[in-house]
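Guided by the hints, dock chains B, C, D and E onto chain A, whose structure is given.
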Amino acid sequence: MKKRTGVFVCHCGINIAGTVDVKNVAEELMKHSNVAHSEDYVYMCSDPGQKLIENSIKEHSLDSVVIACCSPNLHETTFRNCAKAAGINEFQCEIANIREQCSWVHKDKLKATEKAKKITHSTVERVVKNKSLEPISIPVTRRGLVIGGGIAGIQAALDMANSGYEVVLVEKSPSIGGHMIQLSETFPTLDCSQCILTPKMVEVSKHPKIKLLTYSEVQEITGYVGNFKAKILKKPTYVDPTKCTLCDECIDVCPIVVPNEFDLGLTGRKAIYIPFPQAIPATFTLDIANCPGLLPIACGKCMDVCEPEAINYDMKPEIIEEEIGSIVLATGYDLYDKENMKEYGYGKYADVLDGLQFERLLSASGPTMGEVLRPSDHKVPKEVVFIQCVGSRDPELHCAYCSKICCMYTAKHAMLYKHHVPDGQAYIFYIDIRSGGKDYEEFVQRAKEEDGLVYLRGKVSKIFEENGKITVWGADTLAGKDIEINADMVVLATAMRPAKGAEEFAKKLKISLDKDGFLSEAHPKLKPVESVTSGLFFAGAAQAPKDIPEAVAQASGAASKAIIILSQDQLFHSPMVAKVSLNLCTGCGMCVDVCPYDSLSLKDNKAEVNEVLCEGCGTCSATCLRAAIEVKNITPVQIYEMIDASVGG
Amino acid sequence: MVNLEEIKKEAKKILEEGKVKYIIGYAKSSNALMAAPTFVKKPEDIDKLIWDPTCFQNLVKFLIDEKRKKAREKEPDTRPIGIFVKGCDSRAINVLLQEKFITREDVYIMGLSCEDVGVLDKKKIFKKLKGEKPEKIEFDQRKNIVISTKEKTIKIPLKEILAERCLECTSSFPVISDVFWGDRNNRSPKEPFKCLEQIESLSQEEKWDFWQQQLSKCIRCYACRSVCPMCYCDECVVDSINLAITADTTAEEKAQKIKWIEKSPESSENFGYHLVRAMHLAGRCIDCSECERVCPVDIPIRFLNKKLEKVTKELFDYKAGLDPEQPSLVSSFKDEDPEDFIR
Amino acid sequence: MEKILTKKSFPAWIKKLQSYTVYSPEKQENLWSYEVIQNPDKLNLEHLNTVLAPKKIIYPQREIFLQFNTSKEGKPQIKEVLPEEHPAVIFGVRPCDAKAITLTDKVFGEEPKDPYYWSRRNQTILVGLTCNPPPSPNCFCLSVGGSPHSKEGLDILMTDMGDKYHIDSLTKKGEKLIKAAENLFKPASSKDKKELEKIQRESEKKIKREVKDIKNIPDKLKDMFESPFWDEEAMSCIRCGICTYLCPTCFCFDITDELTSTLPLKGKRVRTWDTCQFPDFTMHSSGHNPRPDKASRLRQRMLHKFQYHVENYQDYLCTGCGRCISLCPMGIDIIEILNKVIDHE
Amino acid sequence: MAEEFEPKIIAFLCKWCSSAGSDLAGVSRMKYPPNVVPITVMCSGSVSPLYIFNAFQKGADGVLVSGCHPGDCHYIQGNFYARRRIALVKELIEYIGLEPQRFKMSWVSAAEGKKYTQIIQEFVQELKPLGPQKKLRREK
Amino acid sequence: MNENIYIPKLAKIIKIKEEVSGSRPIKTFRTQFIEKNSFSHQCGQCAMLSVLGKGESMISISSSPFEKDFLQFSILKMGRVTSALHETEVGEIIGIRGPYGNNFPIENWKGKNLIFIGGGIGLAPIWSVLHTALKKKKDYGKLTLIYGARTSKDLVFKEELEKLNEKMNVHLSVDVEEKDWKGYVGFVPQNVTDKKPSPDNSISITCGPPIMIKFVIKALEELGFEDGQIYTTVENKMKCGIGKCGRCNIGKHYICKDGPVYSWAELKTLPQEY
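Residue numbers (the numbering used here), protein chains in the order written: chain A, 1 to 649; chain B, 1001 to 1343; chain C, 2001 to 2345; chain D, 3001 to 3140; chain E, 4001 to 4274.
Next comes chain A alone, as it looks inside the complex (with noise of 0.2 Å):
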């Protein structure tokens, strides 16, 4: 049957009548013999225009229509349903936006109606040629997925669970906690970090909804938002955690020592260890690429002395398949590469350290008991610089961007610094302070005059060790001077960069990332926790350098996001989606190269659409040399009569 298209013409006040002639519009487009009526109102979104549209379908049977209106932002929604309302399918309703392009940017009345003739008639085209679409439904897997162990995977883990949904947590080390364990007193409060984090690791580990596994990395995540399937590996510990009893046996045989990473570096470890005493899993970790080798010829002391014969050789890499509804990505940070600030001699001095570094040293748990000790001679430093923006905001030689929290952790070090070393001297270079927060500016305050910091507005040129010391060249552009300190230790506010491998793992999960290379949202503002692909959220440093409780409040935030999917029995997608001609497609497989979405494969020399995943941009069809495959209700076919109508032809 021939398309009968009503066309509504919107004055809009004045906004629209001032400049076109919304009644030469609806006489024109009444010449068109696929438009069965036609009629202009005053305000088609008022309730009388949409009733007046609603009687219009009903009245004169209308299988389509165009309303020639504001920005089909505005209105797209509230003149689909109207359509709906009166029986019409919603795609059977295009908006003409005859204000934003047209009223508004034109004077000349003559000239502005023919432009909005042009509109109207290129979107009468295109409805004619629109199909009645119904949503895709996708049904739910009503299980989360959160990648990170840190305080943020955390978080949306216990956040979830708590919710009443299951939940795994893979994390890539052996044990949860992340950087935030590695702390010893937060900023602005100055609580402990092992206190308030521990009681949430140990409810992480026992809660009946959270599948922990440690030691584990997901290796590739198929499907689609409601549907994914994730890959999961599981590294062996050649330990049993139900059979080990923590007693520390096989850590006194062990021959191998290496660096701690826990304490990055200042101490080491054995082969065999537990890598803090809060660990959770509460066991011992095999590290076989450190262990002289899992043949009992070539050591097996460790395995000798277990008891409780904990210790198996044998244990093999496991991979275990979840089936997930949505994910929450908090793959966190590491900090600056030390490689990478040579001048400072990070790396080559051992009392230049870093913030983290620093953090062990104040730790109570850390390698000297809370004592400020420098590394190289264990002796307390009596002057100690801090060095902000230490890789940040430099865009010619390193990041561009400011790491955030380094102002807030720089103070808080110097002010523990002093408490604990009260007749030190602490200097802290800076470009200048940030300290937006609740509390934080307050805090930094009070470090600077109650602890007497010394704050030099000014970068650090050179940094070199002399005499056991270690020089500081500096400037301090305040007082327009250079300056020169001989310290006793340095400490720098490293940059925070996405984890090692976060780059490599979101390529496999096709997650764009930004041009630092932290994950990229869907939207800066309106959707910061949302990534491009449905059913996938971000949390914490990850996605941009982020303090403790930011980190939190996003890790709700996407928890809440991950829950509002696996909450619904299933979901729906815009049917806007591309369609392949079998006939025409000869399988070169081109579509599938530019689909952005990985939502196009081949199966038997034809391309395939997922049209879940499928986001209608297009991009394949001006790709496809022989017009195999489209977007539904914006074809080819309707983009060529929407250029002739457009051209006035």
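Bear in mind the hints are in silico, worked out from the structure with no lab data behind them. Incorrect hints may appear among the rest.
[To be verified] Some chain A residues well away from chain E (every beta-carbon gap over 10 Å; in silico):
#, residue
1, Met1
2, Tyr43
3, Cys192
4, Ala364
5, Glu611
[Stated by the list, open to error] With a cut-off of at most 27 Å between alpha-carbon atoms, the simulated DSSO-like pairs for lysine-lysine come out as follows:
#, chain 1, residue 1, chain 2, residue 2
6, B, Lys1122, C, Lys2056
7, D, Lys3134, C, Lys2056
8, B, Lys1122, C, Lys2079
9, A, Lys500, A, Lys481
10, A, Lys3, E, Lys4214
11, E, Lys4027, A, Lys58
12, A, Lys382, A, Lys348
Even for Gly, the Cβ is constructed at its ideal location relative to N, Cα and C.
Frame of chain A, contents of chains B, C, D and E only:
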């Protein structure tokens, strides 16, 4: 040096062993200046085979026919097709592999190096002969061609009558083959795109006049697309009919087939056709120049393809047909792709 | 009426033909093509085969049939578009191409007559040129009932006699053309006539290609419809339209609508050449194709020319111009095919 | 006096950035000449070269393709494919002698109402002296 | 000046009836020339219908020549033009030129039994001759119709078929079993074999898809029908309608001019290119 007897020996062997379904090669045609494709099915027919600079045709085109035929058969003979392949032709095979139109198992590639020669340009010879019918041709030391007509015998240096693309060829030997004859010397013409300079140096209006004059000659016999090994679609996008009809093609689909160009050989439509053709060959054309050779009205079609070949090389460092594994030009991008033309 | 015209006076004759559009072969780069003469002094009748036969002037590749204009209410307007009244002369027509026009005359002349063809045809005067030497190495007019000096279809036949032309006026139209510049012509002497005969005899000898035993071809073909011969012969065909588009006798066409406006709907209906070599030529809209492969299409071309047309019009639909041989990209040679047909068991 | 030539321009705008940018120009009541008729597509990556050739055949005097800035594509990388494809089209149509000014590509973000306005103003100014595009246009 | 044979005459659609819905819809169009009596036709002839802007399509005329006031066409939606025709509404104007082709030699069939055999839309070309025979029923012997389609929903002229039962023998069939179907189940050729129409003094007229025609002819031959007793129509792609454009050429025939009606005896002499 390529030795025809060796080729025949191999041809005979693979036919006798039943290793290939048949061999697509060259044989003499009624025109002494042009070989004709031949399809050798039996070992006793191998003596038809020839190899010399009159072997113009890019035989890869016939793999498309073969694929179609195979698709129609209930129990197709799945043995590979033996095929004579020159340097340029081999790149066509690579593109077909890249676009998954054929698989490596479908072909037994009999690679032939053009060595320091190439193929003739019939039009250049025609000019020299001034319309006389060549009765016999011989090649003298791969340097000269000796053409005998009724009236006389003339000797022309091969360089003067080789096809342009052969003079500009960068790799005159197959980049992919199962058996190979001849040498693998790379030629490196100093300026591979020099032939474009003349057009490129024209003003905008002169360019238009040039192309307008050339393309308005087009009679839309579609020989250029019929001969092109890259034009393997069942139905060309510019055709307004719906050829690729299957039992489940709906009336609506047929009715909605877009008429991107009209059948009339008007200037606008001819441009429409040739622009689409050139675009669709961007990053795919391997410069076998068959399109230009077959054009009955002498449109310099190669200059369109060659231009995009140049653009593709210069802007995207992309070259067609060298690697079947590389992604297609238009289905890939680099972050550093130029965008100085974008506002 | 036989006359003599010196080559020197030839341009003067053409200059007298101002009321006509005068076409003649013109060399453009490597190719000869019939074009409207701009400069009679530069006229050159030593042409080889033109790519397209003069068919293209009488039966152009594109012809507008009608224009239409519709409105939503009211009846559509249809306007017939006939070619403009404009008499034309074509010089240098090769006898084979002229003969070809007599063949298309029959097809388009059969009732109901084709008004577009005849409107151009009636206004066109064909001035032929004896082929000495043959314009193509693939000429075989003698095999299909023609000759290099055949008069069939021509209004005037010119023969190059060195510094002069022998002019044989064959029709009233031809007479009229000579009358336009009568004083330029001299009557042909008996010596001229003798020389002419000699030239004609020689010209026949120069035709080197021939089809054997062509009289038996139609019968032979009748029994070969089912033969696998066609599959073999068509193997190297690439289904382009060169052989038929360039053929002076092929006449198949398509009719399509072209739009010029969509609101309101306006456009024109046009005729364009078409060819039995294109796969869509016979394809039904259901997708069924009675001639689904290139073998059946090559067979159709051969059978139409040498069997069906003979049955209907007692003449081959081929005049031996050799274009399809010279320009087939794959070297398919109609003479060889016919000779194989004769030898076919 | 003869009326001044008013070029007809077709603009393929991506829905998320450029069309939104042109909406912003409207909301901000910026003024530009009414010569452009926008066709909103989902992504600049979906603009086939056929659309561009077709617009010229149908009589467009100028064609604009506008998408999101690199990296901002709503569909992650559609505009990168567009950039490559359009570069080819641009080179090709210049090569055959169409005035290069008749075909433009731009990046216009949702925030760049001003830029959109400027692009249109410049485009119209550049096209006016060229007169109607007849080279690729179908006879009517 | 002769009339330009390529210029269609305008005709108004005065009635549209939906015969078959679904994915292969069929509609019957009744048209009336704007200028009266623009042409008259004979049974079996075709006409070229134009939808301006879309093109032309050759359709067989399904109304009987006795109907002077209108021409009727039953059209399966198939391609560009037929889709456009299916979109038209009553009152719209289309173009028609023709009539084209030969006709059924009904004058020669007087006194004979006529067996009409149709499949799907193939009933349309038969409809004209069937109605002409019915109109002059006493001129002919026994009239029989054997007609089938894929399903009962695909049968055309359903209401008329029911009424027809009173005037002649009607045997309907569907290809596959379906609920409430009382007629024959199976393909049309099988139904022919099943109904065993007698070849004595009979003429059979068959029309339908090419494959059906082939098997119907075989079935009729088995029943003893001579080649001259079997008539059918051939419908190749056509463009000009007057034997010039070359499309419908089969052997020395142009279907639009020398066909579409053929006896099997004649058709056998032509190559099988339909």
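Quick rundown of the hints versus the structure:
Not every CB of chain E is more than 10 Å from the CB of methionine 1 (chain A) (nearest about 7 Å), against its label as outside the interface. Every Cβ of chain E is farther than 10 Å from the Cβ of tyrosine 43 (chain A); the closest lies at roughly 33 Å, confirming the non-interface assignment. Interface exclusion of cysteine 192 (chain A) from chain E stands, the closest Cβ pair being 73 Å apart, more than 10 Å. The claim that alanine 364 (chain A) is not at the interface with chain E holds, since no C-beta of that chain comes within 10 Å of its own (minimum 78 Å).
Interface exclusion of glutamate 611 (chain A) from chain E stands, the closest Cβ pair being 22 Å apart, more than 10 Å. This hinted pair checks out: lysine 1122 (chain B) and lysine 2056 (chain C) have alpha carbons roughly 25 Å apart, not beyond 27 Å. For the suggested pair lysine 3134 (chain D) and lysine 2056 (chain C), the alpha carbons sit about 26 Å apart, so the restraint of at most 27 Å is met. Using a Cα cut-off of 27 Å, the hinted pair lysine 1122 (chain B) and lysine 2079 (chain C) is violated, with the two alpha carbons roughly 47 Å apart.
In summary, the hint linking lysine 500 (chain A) to lysine 481 (chain A) is not supported, as the alpha carbons are separated by about 39 Å, beyond the 27 Å threshold. With a C-alpha separation of about 40 Å, the suggested pairing of lysine 3 (chain A) with lysine 4214 (chain E) is violated against the 27 Å cut-off. Our distance criterion of 27 Å between C-alpha atoms is met by lysine 4027 (chain E) and lysine 58 (chain A), whose separation comes to about 26 Å. In summary, the hint linking lysine 382 (chain A) to lysine 348 (chain A) is supported, as the alpha carbons are separated by about 21 Å, within the 27 Å threshold.
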